[in-house]
Amino acid sequence: MSTLDHKLLHDIGASRGQIAAIALVVACGISVFVAMLAAYRSLELSQRAYYRANRFADVFAHLTRAPRALEARIAALPGVATAQVRVISDVSLDVPGREEPATGRLVSVPERARPRLDDLSVRAGRYLQPSDRSQVLVSEAFANANHLHVGSLIGAVINGRLQHLRVVGIALSPEFVYEIHGATDIWPDSERFGVIWMGERALSAAFDMQGAFNDLEVALAPGADEQAVVERIDALLARYGGLGAYGRADQPSHRFLSSELAQLRVSATIVPAIFLGIAIFLLHLLLSRTVGTQRTQIAMLKAFGYGNGAIGLHYVWYGLVIVASGALLGLGAGLWLGWILTRYYGVFFHFPILRFQAGIGLLALTLLLVALAGVAGSLAGVRSAMLLPPAEAMRPQPPARYRPALVERMGLHALLPSPIRMILRNVERAPLKSLLSCAGLALGVATLVVGRSSFDAIDLMLAHQFYVIEREDATIAFDHTVSLRASHELAALPGVIRVEPFRAVPIRVRKGHRSRRIALLALDARATLYRIVDLRGRVLQPPRQGILLNERLAQALGVRPGERIALDVLESARATRSVRVAATVDELIGTTAYMERGAAARLLREGPAISGAYVGVDARERTALEAALKRMPSVANVAFRDRTIANFRSTIAQSLAVSTALLILFATVIAFGVVYNSARIALAEHGRELAVLRILGFTRGEVTLVLLGEQALLTATAIPAGIVAGRAIALSFSAAYSSELYRIPTAVSTTTEAFATLVIAAAAFVCGMLFQRQLAALDLVGALKIGE
Amino acid sequence: MQAQKATPAAVFHVHGVTKIYRMGEVEVRALDGVDLDLYAGEFAVMLGPSGSGKSTLLNIVGGLDVPTSGQVFFRDWELTAADDTALTRYRRHALGFVFQFYSLIPSLTARENVALVTELVRDPMTPEEALKLVGLGDRLDHFPSQLSGGEQQRVAIARAIAKRPAVLLCDEPTGALDSRTGKLVLETLVRVCAELATTTVIITHNAVIADTADRVVNLHNGRVSSVRINTVKRSPAELEW
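Order-wise, the sequence lines are chains A and B.
Last residue of the first sequence? That's 788 in this note's numbering, and every number before it is there in order.
Last residue of the second sequence? That's 241 in this note's numbering, and every number before it is there in order.
Mixed in with the good hints there might be a few duds.
[Stated by the list, open to error] Short derived list, chain B residues pointing at chain A, Cβ under 8 Å:
| id | residue |
| --- | --- |
| 1 | Asp65 |
| 2 | Val66 |
| 3 | Arg91 |
| 4 | Val227 |
[Stated by the list, open to error] Rough simulated footprint, nothing fancy, chain B against chain A, three-plus residues with beta-carbon under 8 Å:
| id | stretch |
| --- | --- |
| 5 | 420-434 |
| 6 | 695-701 |
[Stated by the list, open to error] Taking CB as the label site, the calculated pair distances span:
| id | chain 1 | residue 1 | chain 2 | residue 2 | range |
| --- | --- | --- | --- | --- | --- |
| 7 | A | Ala400 | B | Ser225 | 36 to 46 Å |
| 8 | B | Thr126 | A | Glu702 | 20 to 30 Å |
| 9 | B | Arg228 | A | Leu432 | 34 to 44 Å |
Hints in this document: simulated from the structure, not taken from any laboratory.
As the structure is a prediction and not an experimental result, all values here were calculated from the model.
For every residue, glycine included, the Cβ atom is placed at its ideal position computed from N, Cα and C.
Use the sequences and the hints to build the structure in full.
What follows is the structure, encoded as structure tokens:
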């Protein structure tokens with residue numbers, strides 16, 4: 001070991017507190033980087049492997065009814081490699097042990113062979129056997145949520161008749177990695193919605209679909225143009241009530257998984273960048289200070305004949321050792337966090353094998369990143385050590401020059417006591433250092449604000465959706481369009497105090513070459529249970545003339561109120577109408593257009609038909625109502641609002657707790673890193689002044705104020721700056737994550753701001769208190785023995 | 001109360017003070033049974049070579065250090081029995097310090113360096129008065145980096161006397177200055193202390209300075225080797241070193 005290596009070890013030992021603080025900041029950055037990127041890689045690889053192994057389809061289409069013979073013609077279309085036709089229908093399920101009915105999506109699979117596309121991964125039990133028509137496989141998430149296992153019996157209302165289905169297997173499909181009910185749902189609700197795979201013959205027979213199909217999946221030939229295939233399929237299915245084919249990008253499960261992966265990638269870049277930036281700054285502070293105090297040592301080494309290269313390298317090593325120790329810790333923590341994160345994703349995204357893989361590439365990337373940060377942070381210190389002429393370095397550093405601070409020059413001089421002036425002048429003497437310290441702390445605050453604001457946004461969405469727009473006790477959906485008379489039947493059920501029927505129709509709106517698939521919700525004119533309310537709280541009435549469109553959707557289509565759009569009805573009686581845009585509404589969810597129910601009936605040229613109803617329920621008779629609804633064959637789905645909210649909240653609560661804990665940890669590490677390092681350096685720079693103050697009769701408390709006043713001032717400045725920055729970042733995030741379908745509101749609540757303020761202030765305070773001991777141990781006598 | 005009571009006129013009564021520093025396995029006896037009395041209004045000089053223990057004695061008397069054994073009284077208050085808070089109060093109200101290396105706060109102007117102390121006590125001089133007393137009435141708003149060594153030391157004297165302390169303790173006040181500037185600073189010190197009737201203790205290794213003193217204490221190897229009263233005092237201007 002060379003002399004310089006010994007010196008390195010000694011230097012590291014001497015400033016271990018600061019080094020630990022910097023290493024922790026590095027560790028946070030690296031752990032987030034490793035965790036998120038590892039989770040990203042794991043999900044992405046699992047997705048790719050799963051899609052390939054189970055032959056996930058490329059193009060999907062739903063239609064009313066077409067003869068099976070069409071399958072061969074579709075398979076023969078240019079660009080199509082494989083085609084598979086199916087029968088799919090949502091039915092109301094009677095699940096043992098559940099009071100409300102659940103919705104099952106019955107999907108036909110061949111009895112004698114495995115599906116050619118979207119093959120199932122059987123997790124328990126077995127695949128179907130041709131002999132028994134009542135056997136089914138159920139999706140794993142639904143089975144788990146409802147405690148179903150092989151051998152369980154489920155009641156299903158199929159074509160108006162209650163049938164008993166026997167679970168022979170639990171399965172997964174690449175089509176339902178993210179298992180949501182409709183295209184407009186955001187969260188899976190596995191208790192109330194599940195997929196059930198049933199034999200083709202049995203299902204066709206039950207729905208009178210023998211020799212027919214209503215759903216199509218296609219795998220593309222290599223190099224095929226997806227859009228061209230979509231158009232060919234649309235043309236072919238037009239006369240069979242085709243609802244418009246679409247590619248993977250619009251497939252609900254795939255779309256959610258992809259957007260989650262994209263978000264992970266963005267977060268895996270931004271968050272570590274913040275931490276590593278702060279680490280570089282702190283390293284820069286430490287090294288500049290170390291080189292400053294070691295001037296005479298450096299000069300001596302140079303006088304002894306050590307070259308600039310050796311000395312420069314010595315300080316580069318110093319920086320690298322610090323970041324490397326942090327990186328090592330971060331790598332360990334990151335792999336562990338990544339594993340947890342991947343498992344957490346496994347709760348929402350269902351893969352047969354979700355393998356956690358970090359990979360050599362990720363490790364190499366981490367190493368590179370860390371080395372870059374180490375070198376970047378050491379650069380200024382190394383440079384000044386190398387440029388130092390030995391003769392000059394033998395002399396101590398020249399005394400610092402000061403001038404009155406800005407607030408004093410502005411005329412407030414007389415108001416400020418001397419310690420405050422010292423603090424202000426110290427801050428102003430090194431403006432860049434102060435600015436960067438402040439920026440570091442502000443980023444800590446912003447991290448907290450941004451992290452919590454996503455939950456504020458969810459709260460706001462929840463409040464708007466469930467307390468302002470939807471005020472019903474339950475939403476009842478029928479499995480097909482029924483006559484208005486059904487609403488009178490609902491009104492007669494026990495506990496029902498109010499019924500407001502609605503008609504919901506899947507539609508496609510078009511303007512020129514732009515089109516969007518959305519839902520048309522037709523409401524009664526003076527409906528009170530479900531209201532159309534914009535973000536400013538204005539209540540709008542469903543228009544009797546024309547259609548009410550979401551503002552962003554209208555922008556995307558390029559239409560303004562008063563203009564006409566084409567409207568394709570994507571339901572049994574497929575038709576195209578022209579309709580005037582009556583107005584636009586600023587809503588969070590942009591997938592719904594509104595009309596008055598009578599006007600919609602005229603547009604659709606149908607009688608007074610309804611799809612479901614919003615009902616007000618007397619809580620005392622709720623059990624009786626649930627039992628009655630279970631017996632109504634036409635009821636496909638019943639959603640009680642309080643359960644929906646509770647379900648939503650419990651899903652959120654878990655991730656809120658985890659994310660809050662992580663945020664507090666991260667912000668505390670940042671605050672500690674910045675405050676501890678700045679205070680350490682202030683103590684090294686001003687230790688002698690502080691000792692003189694003590695000799696002059698300043699109490700320990702007064703001296704603490706002088707030392708930590710600078711940190712307190714920087715923290716106090718950083719908090720509002722960080723809140724503003726956090727709001728801005730949250731705004732840009734919500735803009736980035738919003739689409740025309742969903743708008744994520746930007747919400748930073750007072751609680752969030754108070755939380756951020758409190759966490760940073762507390763971390764800075766606790767860190768400052770660590771210096772009490774050092775101040776008590778100030779060497780008063782020694783301070784007088786050193787010359788200027 | 002203690003058995004050993006200070007004589008009424010003594011400002012400092014030092015009795016049997018020993019100070020032992022342990023440097024690893026080596027014991028350094030910096031003070032070895034010092035007995036000494038210093039009196040009100042006196043200008044006292046403690047002489048001794050490097051390592052004689054004069055700085056250690058000043059630090060103990062100034063409440064910056066505690067002896068290994070022995071007692072020190074300031075008037076009739078035993079400062080060797082006081083805690084940190086009481087010592088801080090003692091330094092704050094009773095003492096003025098002047099050090100070899102000035103020890104000004106670089107971020108504060110001359111006026112503010114003085115104000116730092118006057119803000120702490122009752123009935124001080126104004127910083128302007130104090131700086132005028134040391135001949136720096138025209139350098140009030142200069143920062144230490146804009147002042148010469150002699151000027152900085154005079155600011156330190158102004159800072160020490162501005163609170164009208166009972167005692168002024170000076171540790172080699174001319175040690176970092178050339179002889180011309182040193183004499184100027186010494187002159188200032190002698191004049192101001194006479195005007196304010198402040199008890200002054202100067203420690204130095206410069207024997208010539210002893211000629212300005214009322215009482216000269218010689219220290220050697222941690223012991224008081226002699227104490228003499230100067231019958232004929234010389235003014236600093238007459239000195240040569």
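For the stretch 695-701 of chain A, do at least 3 residues have a Cβ located nearer than 8 Å to some Cβ of chain B?
-> n = 6 at 8 Å, threshold three: holds.
Does the Cβ pair Thr126 (chain B), Glu702 (chain A) satisfy 20 to 30 Å?
-> At 21 Å between Cβs, range holds.
With a cut-off of 8 Å between beta carbons, are at least three residues of the stretch 420-434 of chain A near chain B?
-> holds (count 5)
Restraint satisfaction for Asp65 (chain B) [CB to CB of chain A, less than 8 Å] = holds, 6 Å
34 to 44 Å as the expected CB spacing between Leu432 (chain A) and Arg228 (chain B), which holds or is violated = Roughly 59 Å apart at Cβ, these two residues miss the hinted range, so it is violated.
With a cut-off of 8 Å on the beta carbons, see whether Val227 (chain B) makes it to chain A.
-> violated, 25 Å
Range hint 36 to 46 Å: satisfied by the CB atoms of Ala400 (chain A) and Ser225 (chain B)?
-> Holds, since Ala400 (chain A) and Ser225 (chain B) (Cβ atoms, about 43 Å apart) stay within the stated range.
Does the interface hint hold: is Val66 (chain B) within less than 8 Å of chain A, judged Cβ to Cβ?
-> violated, 11 Å
Answer holds if the nearest beta-carbon of chain A is closer than 8 Å to that of Arg91 (chain B); otherwise answer violated.
-> Holds - the Cβ of Arg91 (chain B) comes within 8 Å of chain A, reaching about 4 Å at its closest.
Going through the hint list in order, the structure does not satisfy hints 2, 4 and 9.
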